[in-house]
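Chains as they are written, first to last, in our numbering: chain X, 1 to 213; chain P, 1001 to 1213.
If you're looking for bench data, these hints aren't it; they were derived computationally from the structure.
These numbers were taken from a predicted model, which means no experiment stands behind them.
Ideal Cβ placement from N, Cα and C applies to all residues, glycine included.
There's no promise every hint is true.
To be verified - Derived Cβ-Cβ restraints for the label pairs, each shown as a range:
(1) P:Thr1078 with X:Leu122: 33 to 43 Å
(2) X:Thr188 with P:Pro1104: 17 to 27 Å
(3) P:Glu1034 with X:Ile2: 50 to 60 Å
(4) X:Gly37 with P:Gly1067: 54 to 64 Å
(5) X:Thr78 with P:Gly1067: 44 to 54 Å
(6) X:Lys1 with P:Glu1004: 35 to 45 Å
(7) X:Phe176 with P:Ile1019: 51 to 61 Å
(8) P:Glu1004 with X:Leu148: 52 to 62 Å
(9) X:Pro104 with P:Ser1187: 14 to 24 Å
2 protein chains.
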Amino acid sequence: KIGEVSVQVLGILSLLLVIVWSVHFRGGLAWSIENKGLIFNWHPILMVTAFVFLASEGVLAYRLFPGTHQLKKAIHLTVQLVALIIAAVGITAAFRFHNESKPPIDNLYSLHSWFGVTTYSLFALQWLGGCYTFWYPGAAPPTRSWFLPYHASLGIFIYILALTTASQGILEKLTFLQSGGAIGRRSTETILANCLGLVIFALGGVVLALAPR
Amino acid sequence: KIGEVSVQVLGILSLLLVIVWSVHFRGGLAWSIENKGLIFNWHPILMVTAFVFLASEGVLAYRLFPGTHQLKKAIHLTVQLVALIIAAVGITAAFRFHNESKPPIDNLYSLHSWFGVTTYSLFALQWLGGCYTFWYPGAAPPTRSWFLPYHASLGIFIYILALTTASQGILEKLTFLQSGGAIGRRSTETILANCLGLVIFALGGVVLALAPR
Ligand code: HEM
Ligand code: HEM
Ligand code: HEM
Ligand code: HEM
Ligand SMILES: O=C1O[C@H]([C@@H](O)CO)C(O)=C1O
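Take these sequences, add in the hints, and give me the full structure.
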């Protein structure tokens, strides 16, 4: 019980922290405006929603939600699909920020962006492989039980990559802001965003402890 | 077999990449000199040696090394102790770089440093707990078998934290160099260090797949 409650508390806390950071400290959100920084601000919010909050719920769906096995499977599949869609919008926000800045900023140069593309690609492949094997058209029962341990272990590995990528993004954004002198190295904003990074891995620790492996 | 070989290949590749980066691209190593950057250069090398290469060997010691259970246990314990000692020197190098720079640089402001201190502390506690329970003075057999699953799961979680922290360090160093204009965002050095980050997580993936959980 305490594990399940912690997942929800830490998940909601990550959402709150990333929203306070982007909206209160970074100046808010916009999708079409001259201030490209406000378009970027969607990126942290959407990525934490998709690949931290929803991915955690999705990985633990069989454990967290009541109902038949078939219902849990539908929730597991749907939550991860929603995560993939929200993450696609979130990554678009980062690319738009780069491409529409004057002068434009290079794409895909950072370790964070390399991890980001790797995570997104593996997450999408994992979803397709899971859907094909366990839902539609669905494989024969022996193939399903042969594939399940790989699906579960790969799923956990991709989930870890997602948390790592999110923590890198937080670090990179703070480093830009601090190096440019926009915020202090001991500012409230720095401390809040560092706490977001720690909360994400506290959540990850609980999810790993609860996930059947 | 292919798993065990991959661990060694990827582990040695991480060591080679971090050495080429620090020695060839970053100007080499020193412990007492005016150029504090050369003291810092020990930090990546020692941290990758300790918390990537040795930690991987240590986690898999029961699987990688031949001999009696008692011998494997001694190897497991010793490798992780050596990792702790080397990591202590590596963290000292980062602090000396900060404290002896003119003007001095703040300590412990970054998310990387917060993850670093958390990882080091948990690694040290894990070592003490493991040693106390399974080696000296050693707990009663029922306590040992009760504690073992916690020891194994916590050990894996701390290992994941170590890899995450290393990847953050690489990203942070590159961001400093790129923002200051010292290296290009598409330079050979950037690509080499990004590859180091990916290799570290490829190694992590294989270790997680091989570790009995
Ligand atoms: C798992 C979650 C995340 C993924 C998959 C991800 C992915 C990406 C990708 C692919 C880019 C490259 C965009 C381009 O090259 O045009 C990017 C850029 C960026 N992201 Fe994220 N991101 C994630 C979370 C975050 C978070 C939580 C932050 C926090 C602020 C963040 C901050 C940044 C920044 C500052 C950039 C621009 C600099 C760069 O290209 O590295 N990211 N992200
Ligand atoms: C990228 C998205 C996905 C991730 C990260 C993921 C991850 C996981 C993980 C970690 C497990 C093991 C945890 C557990 O058993 O409770 C699991 C189990 C499972 N997943 Fe997925 N999965 C994804 C997509 C899918 C899809 C699209 C399907 C299609 C139906 C699917 C079907 C299953 C099934 C049937 C199980 C076994 C549940 C059981 O009987 O215990 N997964 N998944
Ligand atoms: C798991 C391995 C690692 C741990 C535990 C770790 C730990 C730390 C700690 C505790 C500090 C703070 C020093 C201070 O505040 O004076 C630090 C600083 C630093 N580390 Fe690491 N580190 C690791 C790996 C790396 C790697 C591989 C790099 C790659 C270059 C790196 C780059 C840096 C940089 C640039 C700093 C100075 C800026 C800052 O304080 O964040 N670290 N590290
Ligand atoms: C920070 C250092 C340590 C880490 C990260 C760590 C991690 C792990 C992991 C992941 C496992 C499960 C993998 C496996 O069973 O092969 C394990 C098993 C074990 N560890 Fe540790 N450990 C550490 C320190 C120690 C110490 C100091 C001892 C003292 C002897 C110890 C004793 C054991 C024993 C007895 C097992 C069970 C092996 C078996 O029978 O399968 N560990 N450790
Ligand atoms: O000391 C030990 O404890 C575990 C196991 O006996 C616990 O049940 C193990 O493998 C040891 O070497």
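Right, here's what the structure says about each hint:
With their beta carbons about 35 Å apart, threonine 1078 of chain P and leucine 122 of chain X fall inside the hinted range of 33 to 43 Å. In this structure the supplied range 17 to 27 Å holds for threonine 188 of chain X paired with proline 1104 of chain P, their Cβ-Cβ distance being about 23 Å. Distance hint for glutamate 1034 of chain P and isoleucine 2 of chain X: a CB-CB separation of about 54 Å, consistent with the stated range 50 to 60 Å. Checked against the hint of 54 to 64 Å, the C-beta distance between glycine 37 of chain X and glycine 1067 of chain P comes to roughly 59 Å, which is consistent with it.
A hinted range of 44 to 54 Å for the beta carbons of threonine 78 of chain X and glycine 1067 of chain P is consistent with their spacing of about 50 Å. Range check, lysine 1 of chain X to glutamate 1004 of chain P: Cβ separation about 40 Å, and the 35 to 45 Å hint holds. Taking 51 to 61 Å as the suggested C-beta distance range, the pair phenylalanine 176 of chain X and isoleucine 1019 of chain P does not conform, at roughly 29 Å. Between glutamate 1004 of chain P and leucine 148 of chain X, the C-beta spacing of about 24 Å breaks the proposed range 52 to 62 Å.
A hinted range of 14 to 24 Å holds for the C-beta pair proline 104 of chain X and serine 1187 of chain P, which are about 19 Å apart.
Hint violations for this structure: numbers 7 and 8, all remaining hints satisfied.
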